[in-house]
Amino acid sequence: MDSIWFKLLGVVVSFIVAFTVGMTYMGLSRKITARVQNRKGPPFYQNFIDAMKLGSKTSAIHHGVMQHFGPAFLMVSSVMSLMIIPVLNNGMWFSNLNFHGDLIFLLYIMVFGPLGMALGAGQTGNPNSAIGVTRGLSQMVGFEIPWVMALVALMIQYHTTSIVDLMNIQVESGTWLIFSSPFAFIAAVLAMLGMFRYSPFDIVGAPTELASGPMSENGGKYLFTMMSSASVFAFAKLTLYVDLFLGGASNLIELLIKTFVIYMIPVLYGVVSPRYRTEQSIRYFWGWPTFFGLLAILYAVFF
Amino acid sequence: MKKYLILQKNIQDKMREKATTLYLGPQHPGITGNMMVRLKVEGDTIVKATTEVGYLHRAFEKLQEKRNWLQSFTLLCRFCVPEPDPVEESYARAVELLEGREVPERAKYIRVLMLELARLGSYMLWYGGQNGSLGLYTMGQWSVGDRNYILDLFEELTGGRIYHMYIWPGGVRRDFPEGFEDKVLRTMDYLEKRVKDYDDLMFDNAIFQKRTQGVGIIPKEKAVEWGVVGPVLRGCGIRSDIRIDDPYEVYDKLDFEVPTAEGGDIWARALVRRQEVRQSIKIIRQVIEKIPSGDYYNPIPNPQKWTLPKGDAYARTEAVRGEVGIFIASDGGTKPRRVHFRGAAYVHGITLLENLLVGENVADVSAIMNSLGTCPPEIER
Amino acid sequence: MINDKNSQKIVDFIQNWARKHSIWVLAYGTGCGAIEIPPTMTSRYDAERLGVRGAATPRQADVLLITGYLTTKTLKRVIRVYEQMQDPKYVIGFGSCTINGGMYYDSYNTIKVLDKYLPVDVYINGCMPRPEAVLSGFAKLQELIAQGKANGAQKYKDNLDWYRENQKKIIPNWVMPEYNW
Amino acid sequence: MDELKTKIIERIKANFQDATENNSFNYNRLDFNVNKTTVPSILFYLKDEMGFKHLSHITCVDWLEEGELELIFIVWSPVDKIKVFVRTRLDRENPVMDNIDMIWRQAHTYEREFREMFGIQFTGLEAPQDFLLEDWDGPPPMRRDFHTEEYASETFFERPGREDAGDVREEIIKRSGEEIPDFAKKYSR
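Chains as they are written, first to last, in the working numbering: chain A, 1232 to 1534; chain B, 15 to 395; chain C, 15 to 195; chain D, 33 to 221.
Treat the hints as calculated values from the structure; they're not laboratory data.
The following label-pair restraints were derived from C-beta to C-beta distances:
(1) B:Gly57 / D:Glu125: 50 to 56 Å
(2) C:Arg94 / D:Glu125: 36 to 42 Å
(3) B:Tyr18 / D:Ala159: 37 to 43 Å
Heads up, simulated DSBU-like pairs for lysine-lysine below, C-alpha to C-alpha not over 30 Å straight-line:
(4) A:Lys1271 / B:Lys207
(5) B:Lys224 / B:Lys236
(6) D:Lys79 / B:Lys236
(7) C:Lys23 / A:Lys1452
Incomplete in silico selection of chain C near chain A, CB under 10 Å:
(8) His35
(9) Ala41
(10) Arg63
(11) Ala75
Backbone N, C-alpha and C define an ideal beta-carbon position, used for all residues, glycine too.
Start from the sequences, fold in the hints, and give me the full structure.
Structure below.
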């Protein structure tokens, strides 16, 4: 009885941590981008101010019921993914609600948000939103394949579908999965580029093409919800990568360092890249990332 | 089989009816300025493009009929804001042609310097716009930031960052301030260094190449006929430059090349512009080296009473976007009978754009507009 | 407790502080003043360090920057864009043309006084205003927001009939939806 | 250059009897005055037979006193490097002109502009009525008998203080009671 209440409390705490860390990371990425671009850049807490301002907007126009659901679905998806991802190794507070088979559940729940967003964006009636959503879904078809392949390779290699088991294996054996199944890591990292939607895969909200895509009709509180769900989701994904490949983390500091390193891959790659077209992006994901995914599965099966 | 064909045709018609109308602009971050492109889109492909302009129509030419010959200059530089000097130059030269006024040699060199600096500044903006349209914002931050150094030169020489009103009939408004030549050369050294960085970021970038090659192709044999001018025409492989073909000022005494590139797509245009930045720097160095001393201004009479002989003149200048011309007609009075401005965007931005966009991807509209150098104030005036 | 006057004051203070430090400018270059916006946003002047940042669509934007003269054709679009923006929203008039018509005082197609058609919070004068002037305009707007004085949107709602009358005077073909904000 | 000009004049004269030339310019320019019915054929001839491929400009001048509108087509030959002006006059009351956008497609834009700004009707021009203006119901604005200043002062609000050409600062002082600082005084007119 105790443990389930502790776990629920832990989920709330990890949500707060995820929100804070995700927002700070996005602020830091803005700062780092600015430094690359030869300028001072906003303070690292700028995203909190933006969120506060968006939350304090006094009017929020909407075009129907479904538009409420778009951001809500995104939020639900992010929080649910966060809930089943253990944040720390053997942590009482941060182990969250994971169970056996959560890796497969995670694959489903991560797609849930964008689909809900598609419904919400469809209701707004803005053609930019509609095109943005179709782009987003097609891109998802692209990066899901190497991502699923990488996870399947892990499942085959270690005969488990539980994230906690994978973490325990890494702790027990003393090596990280990045070394014991490198191809899966490569495929997963390449898929991650698409997941984070930084350049060159920011085709969903491309401002110069679609005027911010699915978000075009969402201002104020809708945008606030989307922003916070994006930051929670970012943290969840980063934690998942650390859990799966970098041996998890035994305390928050270690987690922050590892997630930040992973987070810098899409950010820094994005700073110097133009944007792909939709079909080019899909072709990219079905090229080398899928090849590495296949290699990972072969590696897992035969070694 | 026949039934199948009919069915197929019906489906196609249905699809065409369902084609989404996408309004790009007037409020849209991807549009170069304040204009609108109405797109009929099937999936991601454009089937029809219609431009709508007029959001910036200020009736310059009407207002110039109410101003005297010199007062027009305040209006002229607002024709196309990124690069106002070619317009001033065209007007000044048209007035000089009509009146037969001589320009001192030094003034001609200073004018060339101004034009080339303006060209550089405009290319810096283009670097930003072209890459911003493709999502590479870092480039815009660099190049637009570096453009400020050129604007500083303008400010020191003319007093204004954007609007100069510096090239006048009969010469230029004032001479170089002390130590200006050194500053120009230092800025050129800096820019030369930076242009290499730009190349690393932009032209060596595989994604940039993928996005631009084969997009927005202008056929070479049709290009001249369609009214394509400037770097866009040179990107089709045709060596055409008013600085060479119809030389003005002292361009025939300077040594520079007119770069061309084959292909006619955005990539070819970008290659041409990449070389032209270097050529401009080269010209500026030569001007600083060769500039003679002497008078910089052949004074005009009291502008309130200054009349031009009856007749008309047309002068053209090579700007970044292409041919920029001014037609003036005089009835012998103190005010113009008619001033008519010809901008490259007048052709590029409407008929050519509407034509090029058909069959392209929605994602490329902004990139094509930027590569054509569409400048809406030039269309609408 | 929540509706207590003092706690409302604190909430206002926090909200205004957030609004002040996060100004999203709509990317709409209505006139030639748009040429000084890129330098303001990029590396030398870098408005983002003050929290000023571009927004792609009117729904997300806080500030409508009228960069220069407005032709009657653009005015129609600008009004529509302004009404699509979410409260609280602010208007900055940029350049002499928005103040008194500037050099287009006798043009048949440009309006001369912007605040008869839209509520303007801050004017930036000059033609062309330098980036420093633009930044100082933003600073002034921030000051007004912090003091709670930048309430042009409220003024617009209260005097909607008067504004509509002025707008319809020069836009004969009024085919805009009446928004319910 | 002179040989080239005489050659062009000869060829044009041989084909178009009503063309009168003006060869008084000492730079690369040549003028032809023609009737308006000849314009499409002479432009077509210049483009297809003589290499004047590039339509540089089309312009229209309102000669109010003579009751005529003058249309000028400026074409440029990339090979011979010479400009040719083809000029024609239209009746100001009822200006009708042949459509030439099948020769150069970009002429389409010019024609739309002239239809709106000068009221010239181009027969066979298929385009929406509005080009630069929207819902305009007045005389064509670029004609010289349209007075823009009167129209503007009737239609638009005016900020007080600009009625005359006086110093604006003095108005501002009167209105707000502000003092002009000493350093600023020397810049005042």
